[in-house]
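Student: Residues per chain are reported as follows:
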Amino acid sequence: MEGEERMAHTEAHAAEAHAHDHAPTAFIWKYVFSKDHKVIGIQYYVTAMLMALIAGLLAMLIRVQLAWPEVNWGIIGKLLPMGFQGGDGQPYVMNPEFYAMLFTMHGTIMVFFVLSTAPVSGFGNLLIPLQVGARDMAFPFLNGLSFWTFFCGCVTILTSFFVGAGAAAGGWTSYPPLSALRGAVPGSQIGQTFWIIAMVFFIASFTMGGLNFVTTIINLRTKGLSLLRMPLTLWSMFLVAILGLLAFPALTGASLMLLLDRHFGTSFFLPTGLVLNNAPMVGANGQFVHQGGSPLLWQHLFWFLGHPEVYILMLPALGFTSDILTTFCRKALFGYKAMVGAMIAISGLSFIVWGHHMFVSGMNPHLAMAFAVGTILIAVPSAVKVFNWLATLWQSRIQYKTPMLWGMGVVSLFISGGLSGVWLGQSAPDIQLHDTFFVVAHFHLIMAGAALFGVFGATAMWFPKMFGRLMNDTLGKWHFWFTFVTYYGTFFPMHYIGLAGHMRRIYDPYQYEFLKNLAPLNHFITISALILGASQIIFFVNFFWSAFKGQKATENPWNANGLEWTTSSPPPHGNWPGAIPEVHRWPYEYSNPSAPKDFVMQHEPPLAVESGH
Amino acid sequence: MATEILDARAPGRIPVVERPDGPAGRGPIAHGDDGGGPSAAFDPAQFGLWAFLGTVTMLFIGFTSAYIVRRTGMDWRPLPLPRLLWWNTAALLLSSVALEVARRRRAALDLSGLRVWLGATALMAGLFVAGQFQAWRLLRALGFFLSSNPHSSFFYMLSGVHLFHLGGGLVWFALVLYRLRGARYAPAAGGRTLSLFATYWHFLGLLWVYVLFLIFVF
Amino acid sequence: MAKLQGLLFGLATLVLVVVATFYFTKTWLPPLKSDRIAIDHALAITLAVTGLVFIVTNLMLAWFGYAYQDGPGAKAAYWHDSPRLEMTWTLVTAGILAIFLFNALSLWAKVTAPPPADAVLIEVTGQQFAWNVRYPGKDGVLGKTDHLQASQDNPIGLVKDDPASKDDLLLLNQIYLPKDKPVRVQVRSMDVIHSFFLPNFRVKQDAMPGMTIDIWFTPTELGDFEIACAEHCGLGHYRMRGAVHVVPAADLEKTVAEAAQ
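Chains as they are written, first to last, in my numbering: chain A, 1 to 613; chain B, 1 to 218; chain C, 1 to 261.
Treat the hints as calculated values from the structure; they're not laboratory data. Quantities reported herein were computed from a predicted structural model and do not represent experimental measurements. Heads up, a few of these hints could be off.
[As the list claims (entries may be wrong)] Listed below are the simulated SDA-like cross-link pairs for lysine to any residue, each with C-alpha atoms no more than 25 Å apart in a straight line:
(1) A:K516 with C:A243
(2) C:K138 with C:D214
(3) A:K549 with A:P572
(4) C:K179 with A:F514
[As the list claims (entries may be wrong)] Beyond 12 Å from chain A on every Cβ pair, some chain C residues (computed):
(5) A117
(6) L121
(7) P136
(8) L142
(9) D162
(10) A164
(11) P182
(12) E221
(13) A249
(14) A250
(15) T255
(16) A260
(17) Q261
Using N, Cα and C, we set each Cβ at its ideal position, and we do this for glycine too.
Extracted from the complex, chain A is given alone in its bound form:
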């Protein structure tokens, strides 16, 4: 059996190599339905950034509404009649149902279609084969298929704004019964079904990607590249893929059950006794249509995915940061094994903390205790990462290029957002803070912020491998400082209004006496947010201008160590024109006193004195 399998193996490779022999030349196979990981990575990246633009605009609308609920929206109200009422001499006012759609879709698009995509599918696809030393991913056809499946998801979720009574409006978390009962909120008509379908597309795409990532990293590493010699970017992609493969099925199952509850009369999540608008929901036989289901079940299943999901968003940024910091401070990563261990611990623990989203949900208080334990514990490996980064920077030699600023920004946000997690993880104080803007501050700083800054840093760093050019460093720095200051300006004050009791997802907070004095803070936040949004124009200009007219990049413009810097910028079809390099060390050999230069690339022959990694 062995010999015949070997022959089968060989013959399969013959077939693949033969197919792979000819780089595609027609535009459609080269740039549209491509199987090349670099093209696919860029496709994912650009699509995700466009989705970010849309979700960002949604956030601007939310912020203006929160600061000035009475404002006359004027021209915007006229252009978006589905969201506003007014005209004929009346001021344009936002509809509450539109507001609900805004925060639902902002969250859904940002979490899944932007921040699970740009760092993971975008940079993962671009970098994994280059960093492991392979010609392409393990399954190039599946890779191309995964992008177009993702694209279908994007189309579906965006279309949902224009169908029926509008897009889903039950929050990105889609808690039933609100999301299950079509009469509970307009977005729970066909819009919520579109949400479910878009999620199915997304999850299918992410699963295909995950299979590719995991297989490529395990099977296609070049000679000498043991797991403990991989750059942390690779480790993060590896762990993220495993998290996705194990956690997303919970949401798949839950989405199917939600679909059945919505359209086929089942009662997975719908309890007995539902009364909508003072009318009991009974069928022809006088009995309740839905019986015996549990809304808590949805929450358990959703957050079983949801918690690992937020680490999926964050881990790649942590990986990028280690690679960026070391490259631009010319010093080896401090505590490589501890950093890997910390990422593994974070990933593992992420599976047992999901209940901290449900402390006040009515779940068993003893169960809540168990979740509090894991939640507080997960702060330990997170802190270890911060300490190791600080130790890396200590007695280093920092070059202030754009990627470095973003890397340091990730460290800053990770500290801020991580610390507020300690507030929320204690179950009793969480009683006061749950579903307030304190939570919004926490996750925007640590998850969204770290992921976003990671993406910007990675873009500046690996732009040469995407387009063969460098991004403009001056524009990059302006973009960074504007973003950094206004990001904190937007999200840090949310801690204060959250502590003061400002709830989430509120169309008009000033209905409440106890929130009226928070208006100035809401104004400050909104103005910061508007400037934050406007600042991204600098990035878009820099990105597109540099892609076409930027300074041409050499093989290794940053004098970095990874295998991706041993080939041209951008790499050719097949990544290396000749043989794939072999690896002799870890990727963090910087400032070794016995080396001729302040960096020793992974593939260079062994030195007299090496770090032993």
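Given the coordinates of chain A, assemble chains B and C onto it according to the supplied hints.
Tutor: Relative to the frame of chain A, chains B and C by itself:
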């Protein structure tokens, strides 16, 4: 001393480099050169398939936990098990057996034997699919629909999701059959594809047994 | 310019935060009106410890960013492992967090403990978009509800035939609480998930349809406060506002009876 590193997928090159003394000492190299560990000699497609099976398993673990929690509800009314389901199960398991025999016939280069047993696999698979639809019809005739009660909801949903994955398997089976009859390949061709498919098919069989056990025996 | 950027780093964060805190400290927690002072203490201690860590780490980030910059003759150290250092900072962090955890769990156990026997019983049923508040009346027993009987005039589906229902007192968007007496609230929902949030009392409990969830607390000051809904429940989520009136315990029955007319 390592010889020149030939890459199986370098453009313009024919792959197949015997490296009996390679790091893993296990034969020809995989897509790249050997990686850091013995897993490099492991077929990527096999690895990818097992990872996918892990994902499908997690899906059914999710359903299982939902089912176990729901069963404690006071309104639980058990669903009668149509006897047909036992026959369907037998058909599916027999199809796996037939598939294994087919693999061995192929390895022995017995093409006619291969055809016969693949035919048997297809027949058993077809019986299973038809039987599942019939079982649903039987339950509906008895008045048990998707929304009738939680037990029926879970049964229809789990058997439906299983059948959906089986449907994907059938598409794959068609692809395997196509590959196996390709004249441009040597008789030894298609072995890898058939092996991979067999892994998935056996998994589906075991998964069905599990679903049956969970819904009706547990 | 480069040197300045390094310093700007951690300092920008620190300054922003400190200045903001200075101007906005009046927005700490809403004034406390219940016995759940332990929650406020926990938050204050958390602020102290995380605040200290925040300041120290940001100072380090700023200092390192400023002091260790590239320049002619600059050299980076070649030092990248110290098991002792790793062990130390891991154990110190774990130790501090263990203390937090222990306190958090003790506090949680107290807050979620069963209510005392003499607690005043009140039922709060959320619906789109109002709070239905029910008192058991003189018999101390809440009458049965049957959601099949819910209607415009009977939003919570009170079973009128049940003798225990006859003296139940119903209020809409108002709740009266006794000063210095424990209150046990049974939180329910008619339709979607709501959340019964009393900001001044450190009380928040999701109202889950299909469940009746018990919480208890003791109001400690007289006055009028607000109820807010803290779980997105549809279009009217933003206006699911109610009023809390804390009255002397002896006056509770009378006040509720009058309000229910």
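Student: Look at each hint and say if it fits the structure.
Tutor: Structure-based check of all given hints:
1. A:K516 with C:A243: The hint holds at about 16 Å.
2. C:K138 with C:D214: holds, 21 Å
3. A:K549 with A:P572: This hinted pair holds, its Cα atoms lying about 20 Å apart.
4. C:K179 with A:F514: holds, 21 Å
5. A117: Nearest chain A Cβ is 20 Å from A117 (chain C), so the label holds.
6. L121: holds, 18 Å
7. P136: Consistent with the label, P136 (chain C) stays out of reach of chain A, its closest Cβ about 20 Å off (over 12 Å).
8. L142: holds, 16 Å
9. D162: Label holds. Min Cβ-Cβ 16 Å, cutoff 12 Å.
10. A164: holds, 19 Å
11. P182: holds, 17 Å
12. E221: For E221 (chain C), whose nearest Cβ neighbour in chain A is about 15 Å away, the distance exceeds 12 Å, so it holds.
13. A249: holds, 24 Å
14. A250: At roughly 28 Å from the nearest Cβ of chain A, A250 (chain C) sits farther out than 12 Å, so the non-interface label holds.
15. T255: The claim stands: T255 (chain C) keeps its Cβ more than 12 Å from every Cβ of chain A (closest is about 21 Å).
16. A260: Check passes; 20 Å lies beyond 12 Å.
17. Q261: Given a closest Cβ separation of 22 Å, the condition holds.
Hint check: no violations occur; every hint is consistent with the structure.
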